[in-house]
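Asks: Here is what each chain is made of, one letter per residue.
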Amino acid sequence: MNIVVCVKQIPDPAAPQSFDASNNLNRSGKLILDEADTYGVEMALQLVDKAGGGEVTVVSMGSGGDVAGLRNALAMGATKAVIVSDDALRGSDALSTAKVLASVIARESFDLVLAATESSDGYTGTTPVQLAQLLGLPSITFAKAVSIDGSTLKVSRQTEAGYDEVTAPLPALVTVTAGVVEPRYASFKGIMAAKSKPLEVLSVSDLGLDGQVGADGARETIVAVEAAETRQAGEKYVDEGDGAQKVVAFLESIKVL
Amino acid sequence: MTLSTIWVLAEPSNGSFTTTSLELLTHARSLATNVAAITWGEGGQLGALAGEYGASTLYDVGDLAGALPGVPVAAAIEALSASGAPDALLIPTSYDGRDVAGRLSARLDRPVLTNVTGLTDDAGLVTEHPVFGGSLNVKAKFTGAGPGIVVVRAKSFVAEPSGGAAATVVAAPAGDSGATGSAVIATSHVEERTGPKLEEAAVVVSGGRGLGEASAYVMIEEVAKLLNGAAGASRAIVDAGWVPYSHQVGQTGKTVKPLVYLACGISGATQHMVGMKGSKNIVAINKDADAPIFQIADLGIVGDVHKVLPALIDALKARS
Chain A
1456 MNIVVCVKQI PDPAAPQSFD ASNNLNRSGK LILDEADTYG VEMALQLVDK
1506 AGGGEVTVVS MGSGGDVAGL RNALAMGATK AVIVSDDALR GSDALSTAKV
1556 LASVIARESF DLVLAATESS DGYTGTTPVQ LAQLLGLPSI TFAKAVSIDG
1606 STLKVSRQTE AGYDEVTAPL PALVTVTAGV VEPRYASFKG IMAAKSKPLE
1656 VLSVSDLGLD GQVGADGARE TIVAVEAAET RQAGEKYVDE GDGAQKVVAF
1706 LESIKVL
Chain B
526 MTLSTIWVLA EPSNGSFTTT SLELLTHARS LATNVAAITW GEGGQLGALA
576 GEYGASTLYD VGDLAGALPG VPVAAAIEAL SASGAPDALL IPTSYDGRDV
626 AGRLSARLDR PVLTNVTGLT DDAGLVTEHP VFGGSLNVKA KFTGAGPGIV
676 VVRAKSFVAE PSGGAAATVV AAPAGDSGAT GSAVIATSHV EERTGPKLEE
726 AAVVVSGGRG LGEASAYVMI EEVAKLLNGA AGASRAIVDA GWVPYSHQVG
776 QTGKTVKPLV YLACGISGAT QHMVGMKGSK NIVAINKDAD APIFQIADLG
826 IVGDVHKVLP ALIDALKARS
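Residue numbers (the numbering used here), protein chains in the order written: chain A, 1456 to 1712; chain B, 526 to 845.
If you're looking for bench data, these hints aren't it; they were derived computationally from the structure.
Glycine included, C-beta positions come from ideal geometry on N, C-alpha and C.
You can trust all of the hints, since none of them are fake.
So, partial list: chain A residues that the calculated Cβ filter (under 7 Å) puts toward chain B:
#1 G1591
#2 T1596
#3 Q1613
#4 G1617
#5 E1620
#6 V1621
#7 T1622
#8 P1624
#9 V1703
Input sequences plus hints: build the corresponding full structure.
Replies: Written out as structure tokens, the structure reads:
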């Protein structure tokens, strides 16, 4: 059982976000492994374990040469990492990202591709399905539980009303919601081992995608960035045993009570 | 109007179209001369409803035989586009809507713009996207030839019938799904829900990390029940596995605009704010006086949810 996990290295979500001069997200600080991706890495490790062995390959793209987030995934237990790291990728849209990931993953031998439902910086949430289409794979998004029975994938997929049990033959692509598994912390041994695990860095030219990705490949453009309407803060009280009464009075004032 | 034709993905749900689908049909009328809807399954019976909200044609992909909608619906739209593509396709932000958008984007080799909350016409379609917790609005346009694919968040527009005549129902050509269409629904499970839906409730009570532990979420559910509201959650406690993803309010989850939103133990991460800052009234209860949530709260209580919520539950019980 070989599983590819798509991961993204993002600016610390707790830090303030800003745009650079080209209206791209400012990524000048230290990048970390998107927490949303740790669920996919953990899921892959568990599925490979249950299948009796195999490789977990993490695949990523970026522009600044950062690899710390990938080392983190390797420290959790992934076998190897591949990143397309190239300044020519700056300004890539979701479809270009999917094209880059597809050309990397097509070089791998895999049974399953895992991804988060969306990244925690861009939130576009379409790259995994675009990727499935480019790779010619069935996809099951918003997985709450994943199991594999021989060559059949079984997924509990989130729906508006509850969940569906969905099946698909392997190979396939699955996006996992956060909280589906408890991501392990990298052990000291894992961190040490990660330093010598294979980490391949590719360029856009290596994949033959020159001119098709990055700002050149994007077919949308930002025409304005404007300050949004702001809400005014109202009254603020320190609870001195009367907090609940203040809430009740407020609910009365707006006729909820 | 510079736009001639817009297609709207109209998702069937319990004998109707989803509310977001009707919101998109309504807004599409103001942007383009020709509006068509695309549906599947039981939606094929809804020509009258599609017409009432402004579609002149309802393309019916038909019965999907248990397949997840993403692949067959995108394949059908691609096939329809071959004999005349629209200027834009509007798709609701939903589990299946996002699947259709992703599949179609790769099939047509056209980009998708997501998290859209506004659509205007300024010598072409302009999309609006709240970013950084809703503090900034980014406006964008598609470039190049071919339709723009737009995924719009719920409640961006108000659904209003136009009183139009029933739409002509046209069977959409079956597209080519190949191996990609092999994901099928074996069984569906409906989770019991008491009280109103999160997106439709007049009162939403949400809990966050400040609850301290999963078991404390019962307080949120209790307050929600007493106010005949719905229980929501921040991403932090959904990620922690305390409550299911379906409760999540925010960028990654649902958009709510209730009459009143009670944020309990929620600090107000940008990712959460974007999903609830459109609420009519906001009440925040949080230990940290500097929590960003207080900047948008009409009433802020700086206090421990473990003290304020039990007192609130008692007070509400005493009234009922």
